[in-house]
Amino acid sequence: MDTHLAASDTGVESRWPRYQGARAGVPGYWYPTVEARRLKGRPLPVTLLGEKIVLVRDGGSVWALNDRCPHRGVPLSAGRREFPGTLTCIYHGWTYRLRDGELAAALTDGPDSPICGKAVVRVKTYATEERAGVIWVFVGEGPAPPLESELPAELLEEDAVAIPMIEEREGDWRLAMENAVDEAHARYLHRRTPFAFFRRFPAFQTDIKMTASADGQWLERSSKAVFGPQTFAEVGVWPKDGPWRRAGGQMVVGRARLPATWVAHHKGWTDCQIFTPTTEGRHLMVQIAVKRVRGPGALLWKLRVWTYIRLLHRIILNRWEDGFIVTAMNAPPERLFRPDIAIIAWRNWCERLAVQQPARPLPPMPSRQD
Amino acid sequence: MDTHLAASDTGVESRWPRYQGARAGVPGYWYPTVEARRLKGRPLPVTLLGEKIVLVRDGGSVWALNDRCPHRGVPLSAGRREFPGTLTCIYHGWTYRLRDGELAAALTDGPDSPICGKAVVRVKTYATEERAGVIWVFVGEGPAPPLESELPAELLEEDAVAIPMIEEREGDWRLAMENAVDEAHARYLHRRTPFAFFRRFPAFQTDIKMTASADGQWLERSSKAVFGPQTFAEVGVWPKDGPWRRAGGQMVVGRARLPATWVAHHKGWTDCQIFTPTTEGRHLMVQIAVKRVRGPGALLWKLRVWTYIRLLHRIILNRWEDGFIVTAMNAPPERLFRPDIAIIAWRNWCERLAVQQPARPLPPMPSRQD
Amino acid sequence: MDTHLAASDTGVESRWPRYQGARAGVPGYWYPTVEARRLKGRPLPVTLLGEKIVLVRDGGSVWALNDRCPHRGVPLSAGRREFPGTLTCIYHGWTYRLRDGELAAALTDGPDSPICGKAVVRVKTYATEERAGVIWVFVGEGPAPPLESELPAELLEEDAVAIPMIEEREGDWRLAMENAVDEAHARYLHRRTPFAFFRRFPAFQTDIKMTASADGQWLERSSKAVFGPQTFAEVGVWPKDGPWRRAGGQMVVGRARLPATWVAHHKGWTDCQIFTPTTEGRHLMVQIAVKRVRGPGALLWKLRVWTYIRLLHRIILNRWEDGFIVTAMNAPPERLFRPDIAIIAWRNWCERLAVQQPARPLPPMPSRQD
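Chains as they are written, first to last, in the working numbering: chain A, 25 to 394; chain B, 25 to 394; chain C, 25 to 394.
Quick caveat, the hints were computed from the structure, so don't treat them as lab data.
It is possible that some hints are incorrect.
[To be verified] Here are the simulated distance ranges between beta carbons:
| # | chain 1 | residue 1 | chain 2 | residue 2 | range |
| --- | --- | --- | --- | --- | --- |
| 1 | C | N354 | B | L327 | 43 to 53 Å |
| 2 | B | I340 | C | R61 | 51 to 61 Å |
| 3 | C | A257 | B | K148 | 16 to 26 Å |
| 4 | B | P267 | A | A151 | 38 to 48 Å |
| 5 | C | A322 | B | G83 | 56 to 66 Å |
Since this is a predicted model, take the numbers as computed values, not measurements.
Just so it is clear, CB atoms sit at the ideal spot from N, CA and C, and this is done for glycine as well.
Throw the hints in and build the complete structure from the sequences for me.
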């Protein structure tokens, strides 16, 4: 299949209207937001898929409300936890029940305030879960499915030790997710990254395939690596790797699932990456390193994550290399090439399987201008 | 009267089209701008109701011109006072008469320049007054009424000692003015402000009324205070004030007038607050503390303002508490409740009595989206 | 000729539609960009007339490509010089020939990548030259004329020692160019500039003429200076220069040419100023001081430029005085006066002689609003 020709001839920008309209994300899924340890006594504002949300820890649970008092539009995240099970707006003391968002009291209008309980002043609530050290929020219409049904299995093991790192980044969530799905760029952009410096590194890969998993939830990537110097007719020999590259060398096996999850298998541990859209053109880079380990091994694992993996993986490779690209990309328009079959498969997958449409879908991106 | 129902059912956003179009202010009134002591030898640029204006002190008077040379659009505030009674543009030496804005000379075209005195190069002038330590400018069409006819009487007393403080703030001038008119928020937002920490503090108020003054210029607020803990069916008892609250306790009596003036009576002194719109979404918070006092008492009064009132009133209560709210409010849409009858009365007042329409009225705010 | 009346009566904004649409510059000309010594081993991004361009020094020549990889829109200026004569995109190793922009290799798709050489992935190239210590780029359609045909003759002399200074500034390139063409402002704005402090300084000038040069390439300015105090009927005597002004005193003779070049003759040296548009509302201020000198005199000339001329001319006069004005101007609308005949002649010249239209012409500026 000549992917390049197919892509360039048909105008790639109009092939995935739902995917391309989802500039602020795909609703109907659970999204990770903040590390659980950051949510303490004070209400915490977050933005997910363009919606402003306030998280509150109360009575051993985590709750989420739309972060806007319907009265005059003051953020509820500036409010106080005046009574158990409620959040009170800082401005006039409008007090909302955390479990359903109903106005339980309007303090400054007295106990007989006629506005309490009215439907027009109810605040939207969101299902939340605390898992793997992260607060998860369901953003979408209708009831939330069990969080477990959407999580990578690695996070659900009884002896899994999951260590999250979260940072907000500039860049469209889809460019970040496609960068994860794409293997080819690793061959050039990441060729000299310290994390892989001593490994045998493929020159390129062939037979890239994206295949649905047995349970239909995952899109799994496979390919064949080609090693060693290659002769390019026009420019000469590449790559010219030094003799120090000896270790390892196999391709990273990975799999993607909706809404924006990429799971990569490293030796002995798994890297879950979720690209949570915040507002248009920005996303949270949520990375959860997970390993099955008990007892003192857990401490060693944490040490390894907070030193080696944090520096070489998170900061150098994910932030400086990938993060730079996602910020710098100015696309569409685009001209895809053979390895982009992985990206095309991912876009097709989203187009066909996304459970909900955006509430107010944005128009597709502008057509190509080259 | 069920204010809440009335407001929410009819779509509050379309009830006051003139008021809602006045995003950059209501023209036809005197507005305070800068402390008089700040205007010295150099021309001073200010922005009022979206108009750029240059203030000049010359020959014992204060003058105001539109801050733009008609020649090539250079700000006159960058110019020099080259000759008495005129202001000269820094670029080509076009020299304007302060009293009427006429082009008196175009220095770099020589004494016979044919452009002098032409109507198309006349600069708009504004009436100004210096009073209560502040420069006031009339912004609007036609001749200015006497400043005295628009000032609070407290500022006109012969023994009044007025002390102004002015700062520019983010936020729509109407949200700031409505916050002043609204009494209910004080019961919650300001409950713990240091200024009122030792006073008996009402839980809420009833019978809120806004009544026109005898002279028809003012809208006066009255209400009845309810003190002591209240039992709210859904959430329990509130407030739970400590036993240290003993002093005072009566409601602040205040009154509003066009264009954006709020006067509050404190024990022994008066606080005049004027919310001068600068450009859309920003305003000057002009506060003039005034007391009738003579001789050494004046010095004590100044000391009290520059220490206690400045810190507890201006900075903590007005800037950190009210100023935060005005910046954070994201309205409309809105859902009003019973105490908002004060705000509704104020909007009706403006809608009916504003003397002039904005020169280029902005469209009403977008309708509610909840 | 009563220029003022003509200008103000007809609505100046609609008299030069091509000139006024050229907000991002006039295409079809060579433009200076960066000092040649700044372009070393690393690709250097520049913006000219709204186009993002990457400059590369390779094999003794300078090359310029459009700074965007057609694949996914990553800037080529982030790329590497992996093979001679090419530039490789940092993301997937797409490798472009510098001389024609063709895709010579797509490294991460292997030597048999079918996308190489396809027309849809060719990158636009630009003609470049290195001259007078500056990199020049031709921006426009079709083949570039010889650079020499567009340069001031002073830069082409065999013994010319040219010293460039370049800085990016806020402000429309046309306002900067018109400020150079305009002589009248010097009489007021620059009256006290240190550079001219001890010189006899005209009060104003008469008989301003802009005349085409014999070769039809230049528009040459001439005028007659009027010295000494003048009596202005309305305001009195001006100027009142101190007795220290004795030296020199003649008018600066200068000439303009398309696209945005102004050449001023000083005693013993020449100042070439080119206002290269970068993006709308910004420009490069390119100043090349040039003198015919050989041997040790060249060193003295460089010393003089880097001390005296740099401080008094470049920083004080050109940056603080002229640069401030160009940033502060808020025009159109405008009301021209008699000396603006020079600006009007320049606009007419551009309107008639500009060789190309902007690719996507912007609409004319808004009409006057006074």
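Now for the hints, and whether the structure bears them out:
1. C:N354 / B:L327: 43 to 53 Å: holds (45 Å)
2. B:I340 / C:R61: 51 to 61 Å: 57 Å Cβ-Cβ, so the 51 to 61 Å window holds.
3. C:A257 / B:K148: 16 to 26 Å: holds (24 Å)
4. B:P267 / A:A151: 38 to 48 Å: holds (43 Å)
5. C:A322 / B:G83: 56 to 66 Å: With a Cβ separation near 57 Å, C:A322 and B:G83 satisfy 56 to 66 Å, so the hint holds.
Of the numbered hints stated above, none is contradicted by the structure.
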